[in-house]
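With these hints in hand, go ahead and build the complete structure from the sequences.
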Amino acid sequence: MITEAFVGLLGAFAGVAITIYMHFFGLRWLAHSVQLREPAVRHPLLVVLFVIFALHTLEVLVFAAILVLIEVTGFGDLQGLTTGGAGWLVDHFYFSIASYTTLGLGDIVPHGAIRMVTGVEALTGLVLVTWSASFTYLMMERLWMDRLPTITETEIESELDAEKR
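The working numbering applies: residue 296 is where the sequence shown begins, and numbers increase by one.
Derived by calculation from the structure, the hints in this document are not laboratory data. Built from N, CA and C at the ideal position, the CB exists for glycine as well. Careful, some of the hints might be misleading.
Stated by the list, open to error - Here are the in silico distance ranges between beta carbons for each label pair:
(1) Ala457 to Thr431: 34 to 44 Å
(2) Ala428 to Arg337: 39 to 49 Å
(3) Val367 to Ala312: 18 to 28 Å
(4) Glu458 to Leu418: 23 to 33 Å
(5) Leu400 to Ile297: 29 to 39 Å
(6) Asp402 to Arg337: 40 to 50 Å
(7) Ser453 to Leu398: 46 to 56 Å
(8) Ala428 to Ser453: 31 to 41 Å
(9) Trp439 to Asp402: 39 to 49 Å
(10) Arg337 to Leu304: 44 to 54 Å
(11) Gly414 to Met296: 16 to 26 Å
Structural data, given as structure tokens:
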């Protein structure tokens with residue numbers, strides 16, 4: 296007999312594995328795609344930010360799909376949903392965003408196996424958002440430093456000598 300705890304752990308593990316792989320390969324592709332010397336686009340950092348935002352949206356959708364799958368199979372549910380039909384899926388996406396970003400509003404309450412997935416989703420979201428912030432900083436540093444004029448030691452020395460006079 297399959298228990299709610301097993302389904303929760305399985306769903307949480309699947310969500311973590313899928314989203315970490317998505318994030319890793321997405322950032323890897325992005326790092327190789329953004330040309331550092333001769334950018335194909337005028338503002339490559341904007342491309343970095345939009346792709347990272349799209350990655351996070353897809354990762355939230357992965358967890359939302361896991362929540363829907365658990366609820367449909369009867370191993371857990373979300374109480375406090377306000378809409379039915381297609382709005383039901385939107386509510387799962389909304390709850391997943393609140394969990395992924397660790398916002399945790401409290402208007403929808405998870406039960407059963409969904410509780411485990413929700414907790415792990417919050418931890419995963421925190422890790423992936425900070426990973427994205429670090430990646431963005433490194434890309435910004437590379438992109439902007441490559442475009443700053445280089446100053447040689449002799450130029451610095453001549454400026455210091457001029458200030459002393």
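Cross-check of the supplied hints:
1. Ala457 to Thr431: 34 to 44 Å: 38 Å, holds
2. Ala428 to Arg337: 39 to 49 Å: 24 Å, violated
3. Val367 to Ala312: 18 to 28 Å: Distance hint for Val367, Ala312 holds at roughly 21 Å.
4. Glu458 to Leu418: 23 to 33 Å: With Cβ atoms ~53 Å apart, the hint is violated.
5. Leu400 to Ile297: 29 to 39 Å: 30 Å, holds
6. Asp402 to Arg337: 40 to 50 Å: Roughly 42 Å apart at Cβ, these two residues keep to the hinted range, so it holds.
7. Ser453 to Leu398: 46 to 56 Å: 54 Å, holds
8. Ala428 to Ser453: 31 to 41 Å: At roughly 39 Å between Cβ atoms, Ser453 and Ala428 fall inside 31 to 41 Å, so the hint holds.
9. Trp439 to Asp402: 39 to 49 Å: 41 Å, holds
10. Arg337 to Leu304: 44 to 54 Å: About 47 Å separates the Cβ atoms of Arg337 and Leu304, which means 44 to 54 Å holds.
11. Gly414 to Met296: 16 to 26 Å: Check passed, 24 Å falls within 16 to 26 Å.
Checked against the numbered hints given earlier, this structure breaks hints 2 and 4; the rest are met.
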